[in-house]
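Colleague: Listed below, chain by chain, are the residues.
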Amino acid sequence: MEYIVIIVSAALISNVVLSRFLGICAFLGVSNKVDTAKGMGVAVIFVILMATAVTFGINTMFLEKSGIFGLDLTYLQTIAFILVIACLVQFLEMFLKKFIPSLYKALGIYLPLITTNCAVLGVALTVAQDYSNFPKGMIYALGTSVGFCIAIVLLASIREKLEGNDIPESFKGKPIVLIIACLMAIAFTGFSNLNIG
Amino acid sequence: MENEKKISFFGCIFNGIFTENPILVLMIGMCPTLAVTTSVSNAIGMGLSTTAVLVASNALISLVRKITPDRVRIPIYIVIVASFVTLIEFLIKAYFPALYESLGIYIPLIVVNCIIFGRAEAFAGKNNVINSIGDGIGMGLGFTLGIIIISAIRELIGSGTVYGYTFVPEDFRAALFVLPPGAFLVLAFLTAIQNKLRLPSASNKKEGCDNDCLHCTIHKKAVTVEESK
Chain A
1 MEYIVIIVSA
11 ALISNVVLSR
21 FLGICAFLGV
31 SNKVDTAKGM
41 GVAVIFVILM
51 ATAVTFGINT
61 MFLEKSGIFG
71 LDLTYLQTIA
81 FILVIACLVQ
91 FLEMFLKKFI
101 PSLYKALGIY
111 LPLITTNCAV
121 LGVALTVAQD
131 YSNFPKGMIY
141 ALGTSVGFCI
151 AIVLLASIRE
161 KLEGNDIPES
171 FKGKPIVLII
181 ACLMAIAFTG
191 FSNLNIG
Chain B
198 MENEKKISFF
208 GCIFNGIFTE
218 NPILVLMIGM
228 CPTLAVTTSV
238 SNAIGMGLST
248 TAVLVASNAL
258 ISLVRKITPD
268 RVRIPIYIVI
278 VASFVTLIEF
288 LIKAYFPALY
298 ESLGIYIPLI
308 VVNCIIFGRA
318 EAFAGKNNVI
328 NSIGDGIGMG
338 LGFTLGIIII
348 SAIRELIGSG
358 TVYGYTFVPE
368 DFRAALFVLP
378 PGAFLVLAFL
388 TAIQNKLRLP
398 SASNKKEGCD
408 NDCLHCTIHK
418 KAVTVEESK
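Line by line, the protein sequences give chains A and B. Residue numbering for the first sequence follows the working numbering, starting at 1 and increasing by one per position. Residue numbering for the second sequence follows the working numbering, starting at 198 and increasing by one per position.
Since the hints were made in silico from the structure, they are not lab data. A couple of the hints might just be wrong.
What the hints assert, rightly or not - Cross-link-like lysine-lysine pairs, in silico, DSS-like; alpha carbons within 30 Å at most:
hint : chain 1 : residue 1 : chain 2 : residue 2
1    : A       : LYS33     : B       : LYS393
2    : A       : LYS172    : A       : LYS161
3    : A       : LYS97     : A       : LYS33
4    : A       : LYS65     : B       : LYS290
5    : A       : LYS33     : A       : LYS172
6    : A       : LYS161    : B       : LYS393
7    : B       : LYS290    : A       : LYS136
8    : B       : LYS393    : A       : LYS172
9    : A       : LYS161    : A       : LYS33
10   : A       : LYS161    : A       : LYS105
As the list claims (entries may be wrong) - Not everything, but these chain A residues come out facing chain B in the computed CB check (under 10 Å):
hint : residue
11   : LEU22
12   : LEU76
13   : LEU83
14   : GLY122
15   : PHE171
Remember, it's a predicted structure, so these values are computed and weren't measured experimentally. Backbone N, C-alpha and C define an ideal beta-carbon position, used for all residues, glycine too.
Based on the sequences and whatever the hints tell you, model everything.
Modeller: Listed below in structure tokens is the structure:
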């Protein structure tokens with residue numbers, strides 16, 4: 001039950017894109033078509049889960065006072081995590097290319113974009129600071145990344161529907177996408193009245 | 198466009214604030230733009246810390262550009278930027294604890310601000326130190342200016358104040374604007390106005406952010422004196 005509460009609140013109530021503004025670049029940029037949005041969403045889920053698992057391990061093993069150095073090195077979190085994420089994404093790209101070409105074909109082009117997706121670093125830092133329990137942290141990471149996936153796929157579906165429509169000249173392009181995002185954000189604030197747990 | 202002309206220090210500053218303003222023209226670095234613009238004081242804090250990181254990282258990256266092997270430049274940039282962000286985080290924590298509380302996780306996230314990597318890749322890695330510092334100052338102040346404008350609108354309509362001074366009586370405020378949807382709405386209307394007036398912005402040009410911040414191509418045209426030699 002506790003896990004369900006974490007997932008729902010991470011995915012819907014405080015949605016990573018629409019209420020915490022992480023990963024906006026990808027959200028606005030890679031949402032032209034539903035297919036690409038799906039690819040990006042799945043790639044983000046994949047990378048966030050891997051990155052959170054690895055950074056959680058590094059944090060408890062090396063950076064925290066209870067780690068093997070016995071020093072409080074948590075101030076190095078930012079440097080360590082971003083390096084780990086960059087390496088992980090590179091490694092993942094090479095690994096998929098070599099061993100799972102079909103998955104690489106589906107996710108490959110999105111992987112390099114994800115290094116600078118702030119959702120990944122944001123989740124890794126939040127988990128390291130707020131969750132001391134590994135399963136709970138992972139569940140939170142899962143909820144957040146699923147939230148990202150939901151938001152980007154929804155936005156892409158609306159944008160596809162919008163294509164033939166008569167939009168005022170000055171609202172074509174970015175402005176109308178931002179208006180859609182605004183309406184989605186309003187809709188998602190409705191979830192904050194969900195009474196769970 | 199500027200390929201033939203020699204880029205000057207002040208030219209770089211001007212370019213960052215006006216011609217290629219990162220928020221209003223290039224539309225990059227959207228995450229902090231939307232997230233911390235609930236009040237003008239937050240925006241100023243965020244803008245100035247980003248400027249400091251940008252100037253320092255641009256200067257250092259430009260200094261080491263000749264001894265940086267091309268193939269490992271990205272990790273080197275990442276370490277340089279992340280170190281400066283950690284320093285800034287310490288400074289804010291020590292001297293402005295209230296700001297540290299309200300910016301929270303967005304301070305470490307300066308690391309992944311597209312503006313910083315974009316400038317490192319497109320400008321600082323190819324130009325001399327003086328110009329890179331100028332570019333850092335210009336882009337940083339341009340970013341600060343952009344988020345101050347957005348935050349002033351949001352704060353005025355949402356909480357009726359600007360930088361803490363009350364302008365709008367309580368009955369006429371729309372709290373929506375300080376909530377997340379307001380950020381999208383204000384930015385949407387700002388870009389729409391730019392489109393209407395045919396001002397340069399990323400949404401009415403063919404080229405725009407392709408979200409690949411590590412290989413940013415937006416600024417390629419503004420580069421470079423040294424490369425063309």
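Colleague: Evaluate each hint against the coordinates.
Modeller: So, going through the hints one by one against the coordinates:
1. LYS33/A to LYS393/B: holds, 26 Å
2. LYS172/A to LYS161/A: holds, 14 Å
3. LYS97/A to LYS33/A: holds, 24 Å
4. LYS65/A to LYS290/B: holds, 20 Å
5. LYS33/A to LYS172/A: holds, 16 Å
6. LYS161/A to LYS393/B: holds, 24 Å
7. LYS290/B to LYS136/A: Given pair LYS290/B, LYS136/A holds - Cα atoms ~28 Å apart, limit 30 Å.
8. LYS393/B to LYS172/A: Holds, because 10 Å separates the two Cα atoms, which is no more than 30 Å.
9. LYS161/A to LYS33/A: Satisfied, since the Cα-Cα distance of roughly 10 Å is no more than 30 Å.
10. LYS161/A to LYS105/A: At roughly 26 Å apart (the allowed maximum being 30 Å), LYS105/A and LYS161/A satisfy the hint.
11. LEU22: It holds, given that the least Cβ distance between LEU22/A and chain B is near 6 Å, below 10 Å.
12. LEU76: holds, 7 Å
13. LEU83: holds, 6 Å
14. GLY122: holds, 6 Å
15. PHE171: With a closest approach of 5 Å, the PHE171/A hint holds.
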